[in-house]
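> Sequence order for the protein chains is A and B. For reference, each letter of the first sequence is one residue, going 21 to 503 in the numbering used here. For reference, each letter of the second sequence is one residue, going 21 to 503 in the numbering used here.
Some clues are possibly wrong.
Unchecked claim - Each computed DSSO-like pair below joins lysine-lysine, with the alpha-carbon atoms no more than 30 Å apart:
{"#": "1", "chain 1": "B", "residue 1": "Lys205", "chain 2": "A", "residue 2": "Lys205"}
{"#": "2", "chain 1": "A", "residue 1": "Lys51", "chain 2": "A", "residue 2": "Lys76"}
{"#": "3", "chain 1": "A", "residue 1": "Lys163", "chain 2": "A", "residue 2": "Lys76"}
{"#": "4", "chain 1": "A", "residue 1": "Lys31", "chain 2": "A", "residue 2": "Lys441"}
{"#": "5", "chain 1": "A", "residue 1": "Lys163", "chain 2": "B", "residue 2": "Lys163"}
{"#": "6", "chain 1": "A", "residue 1": "Lys33", "chain 2": "A", "residue 2": "Lys51"}
{"#": "7", "chain 1": "B", "residue 1": "Lys205", "chain 2": "B", "residue 2": "Lys163"}
{"#": "8", "chain 1": "A", "residue 1": "Lys51", "chain 2": "B", "residue 2": "Lys205"}
{"#": "9", "chain 1": "A", "residue 1": "Lys163", "chain 2": "A", "residue 2": "Lys503"}
{"#": "10", "chain 1": "A", "residue 1": "Lys33", "chain 2": "A", "residue 2": "Lys76"}
{"#": "11", "chain 1": "B", "residue 1": "Lys76", "chain 2": "B", "residue 2": "Lys33"}
{"#": "12", "chain 1": "B", "residue 1": "Lys163", "chain 2": "A", "residue 2": "Lys205"}
These aren't lab readings, by the way, just hints derived from the structure by calculation.
Number of protein chains: 2
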Amino acid sequence: MNQDWLSAFLKPKLQRKLTENLSRQLYRLLKELIRHGRLQAGSAIPASRQLAEELKLGRNTVLAAYEQLSAEGYLESRHGSGTYVCQAFAATRAPSALRAPRRPLSRRGASLHEASRLPHNKMGAFIPGQPDLALFPIEQWQKCLSRSQRTAPQEWMHYQREGGLPALRHALAEYLFLTRSVQCKPEQILITSGSQAGLALIAKLLADAGDAVWLEEPGYAGAQAAMLESGLISHPIAVDEEGMALPSRAPTPRLIYATPAHQYPTGAVMSLSRRVAWLNLARQHDCWIIEDDYDGEFCHSANPLAALQSLDQDNRVIYLGTFSKVMFPALKLGYLVLPPELVEPFRQCQARLHGETHYLQQAALADFIERGHFAHHIRAMREIYARRQQLLRHAVQSLLGDSLPLSGGGAGMHLLASLPKHFDEWELQLAAAQQGLWLRPLARHYQSAPDRNGLVLGYAGVPDERILPATQTLAQLLETRLK
Amino acid sequence: MNQDWLSAFLKPKLQRKLTENLSRQLYRLLKELIRHGRLQAGSAIPASRQLAEELKLGRNTVLAAYEQLSAEGYLESRHGSGTYVCQAFAATRAPSALRAPRRPLSRRGASLHEASRLPHNKMGAFIPGQPDLALFPIEQWQKCLSRSQRTAPQEWMHYQREGGLPALRHALAEYLFLTRSVQCKPEQILITSGSQAGLALIAKLLADAGDAVWLEEPGYAGAQAAMLESGLISHPIAVDEEGMALPSRAPTPRLIYATPAHQYPTGAVMSLSRRVAWLNLARQHDCWIIEDDYDGEFCHSANPLAALQSLDQDNRVIYLGTFSKVMFPALKLGYLVLPPELVEPFRQCQARLHGETHYLQQAALADFIERGHFAHHIRAMREIYARRQQLLRHAVQSLLGDSLPLSGGGAGMHLLASLPKHFDEWELQLAAAQQGLWLRPLARHYQSAPDRNGLVLGYAGVPDERILPATQTLAQLLETRLK
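Work out the full structure, taking the sequences as your base and the hints as a guide.
Here it is, written out as structure tokens:
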């Protein structure tokens with residue numbers, strides 16, 4: 021099918037000045053054309069080289085858009101004959117014109133969809149938040165699972181509503197006290213199906229639609245999504261080297277979300293005086309603080325500060341943790357440490373709204389902790405991740421000198437690399453992806469216009485021997501771009 | 021300030037046998053003393069050498085505790101003059117006791133808490149929605165799980181975002197087509213962590229806070245909770261013997277929630293003409309229909325109607341199913357069959373907001389289906405549940421005659437027993453519970469004032485030989501109350 025009209029159609033719509041880069045714009049426009057049937061199933065689309073010339077774009081820009089569309093199933097390449105609009109997709113279209121609601125997603129749904137553009141799912145350098153799963157003691161975990169399966173009482177096949185298996189909550193309370201100075205009774209712990217579920221529960225039970233929530237900027241996109249999903253209004257609060265900074269003015273919040281141990285993604289550790297100031301401010305506003313301690317287990321400095329929760333005399337801090345990083349993501353287990361008066365409503369509402377996760381897995385995890393595998397694995401990984409951070413620091417220092425300053429390595433699994441203002445992180449991301457290097461622009465963590473540029477470099481999931489080669493690729497990419 | 025009492029206070033509390041090392045114990049004890057004001061801001065603490073001697077500890081043990089307390093800001097060293105309790109810290113202490121927010125739950129949270137009063141968690145006669153887990157083929161399921169564990173690729177330990185394991189979606193598409201005439205490609209299926217999660221996703225992505233949703237009255241409390249959680253306004257729509265009735269007036273809805281196959285809890289089967297009328301009305305209002313087929317697998321009549329979804333020419337029906345009843349509740353797996361244009365936003369938003377359930381379980385389930393265990397189990401249970409329904413009907417007929425009319429047994433796991441108007445169901449429920457009989461008042465399923473009285477009698481989870489004795493207890497309770 022002749023697609024001569026295509027570049028004439030696209031050209032006026034591509035805008036070089038938008039914050040959305042050209043490749044992303046092209047991807048979006050093509051997707052719309054396919055979804056509305058303007059580009060029909062089975063029809064050929066122009067070769068990337070040809071379209072690039074017609075639109076006066078770099079060929080990589082077009083290639084990146086095509087690759088994204090292929091990854092999402094809109095396009096398929098046929099060897100030697102070019103790229104086509106996918107049959108599979110078109111086949112799902114109803115024979116007659118679609119008559120689904122004219123506005124399929126709600127305004128909230130459209131915002132959530134926009135906020136849910138997930139970073140790609142590949143593994144490798146330098147994806148943040150990715151534990152090294154090859155080093156997870158899978159045999160020991162499977163033994164715990166098998167034991168749990170053999171001994172599980174039949175009633176565990178029913179819905180549960182205790183707020184989590186008591187054995188797991190006991191093990192966890194002890195662990196949190198010893199490692200993070202978190203003060204709680206096992207009853208105050210609510211086992212959730214991941215920290216995202218915990219955030220959603222907090223947002224719904226403690227705030228009404230339209231209430232203000234303060235979020236760190238830059239910050240964790242998942243927290244933003246949970247607040248959006250629950251109808252809260254996010255207010256970005258700047259972060260400095262002492263962590264989340266006290267704002268001069270912002271609407272009175274109902275919730276404050278913070279990552280004091282290791283700010284995500286800058287890595288700033290919140291100073292004690294800042295912690296005290298936040299607790300005082302929360303008291304003044306009579307609001308709650310959510311303390312997300314997402315990677316506190318991997319502290320690389322000698323004396324980690326105790327959790328904010330342990331300083332709180334008012335019972336207004338809710339401590340949030342996850343097993344995604346210390347165990348593995350698909351386990352989907354997290355927990356809240358709740359002030360006593362919230363325990364019962366949270367427990368009941370979780371049972372009603374989300375349901376508790378299978379006690380079989382929780383029992384296996386309690387067993388895994390009690391046998392010492394958990395503490396052993398964390399110690400081992402802390403050492404390995406610390407070494408990988410050093411390897412990355414050395415590689416960057418030797419290859420890039422001071423042109424790529426690194427910061428935020430006091431804990432965790434990533435470093436923040438600073439780039440000059442007005443650096444095009446998105447273009448770098450695309451170029452890097454072509455070479456199998458996955459870079460996360462700092463801009464992804466901003467709600468408003470970013471005030472600085474950078475990359476969030478995850479090192480935890482990168483094998484030792486891959487760090488230098490990956491940094492070499494990064495250095496080559498930066499060489500021309502940093503001049 | 022003189023701290024002579026300190027070592028006398030500390031000595032008996034330090035225990036050499038604890039798993040917590042001595043330095044950690046000392047740190048914790050000192051911190052408590054500071055936080056409770058026993059060691060006051062600005063006061064000097066003994067030199068590490070002195071305290072070590074007094075407590076008979078190594079000096080490094082004391083030093084490590086002091087260092088940790090300094091790092092956390094509890095202590096500060098002043099050169100040449102010793103170590104002091106930090107001034108900065110004193111500020112965090114609240115002079116009075118607890119000062120958690122005055123209004124702990126939000127308005128939404130309070131409503132959700134109210135709506136989450138869960139029915140009790142016991143097993144036995146006559147709890148609705150309870151499958152007989154003693155008859156579940158647990159060995160075969162565990163074999164599927166073990167196989168899945170042995171063969172699971174490592175990447176399944178990461179977050180997934182395909183909308184569910186393709187093998188499970190394929191198996192399910194075929195199953196739904198064969199048994200429920202649901203028309204869909206595997207790509208249209210989204211595997212959720214239970215039907216509650218599916219409902220929450222629909223409410224959020226397809227409606228905004230304040231939008232109207234129509235719910236059956238009486239109806240499923242879980243659907244009401246999901247709508248409330250998402251800020252929608254529920255409008256109760258009456259149910260008659262043909263299912264959900266078309267209302268004469270109600271605010272234009274964004275969503276309509278219905279259980280056409282077997283209305284919950286009345287058991288009414290929606291007639292074909294009613295189905296067509298609802299599809300037309302949905303078109304007229306340009307809104308979505310949620311078809312919850314919560315127990316369609318256990319159809320006890322010869323010719324079940326095809327799913328509403330299969331009649332829909334407009335792509336505006338979302339079909340909702342669950343494995344809680346055909347497998348077991350704690351599995352927490354459900355699914356949506358989505359119109360094509362919703363597939364991609366739902367998939368992305370689920371991955372971002374809830375996360376996908378572990379593919380290990382999904383693979384085990386796909387295996388369980390492919391090996392025929394699933395269909396075999398459903399056939400076996402359908403027969404058993406049909407028999408139990410007959411046993412219950414006979415028992416009621418012989419013991420209570422026509423004074424307790426039963427209805428709604430065309431499918432599923434429960435019958436509706438009608439009681440006279442103004443009968444006090446709640447009093448009966450309490451009296452029955454005293455005798456180990458669990459009765460669910462129909463009134464629990466109403467948002468507004470109930471227009472009839474009744475009991476939802478679940479029979480599926482009651483062993484054959486327990487049905488007559490349980491009905492005898494019920495008959496005794498009713499004897500005096502029905503006069």
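> Checking each numbered hint in turn, tell me which of them this model violates, lowest number first.
1, 3, 9, 12
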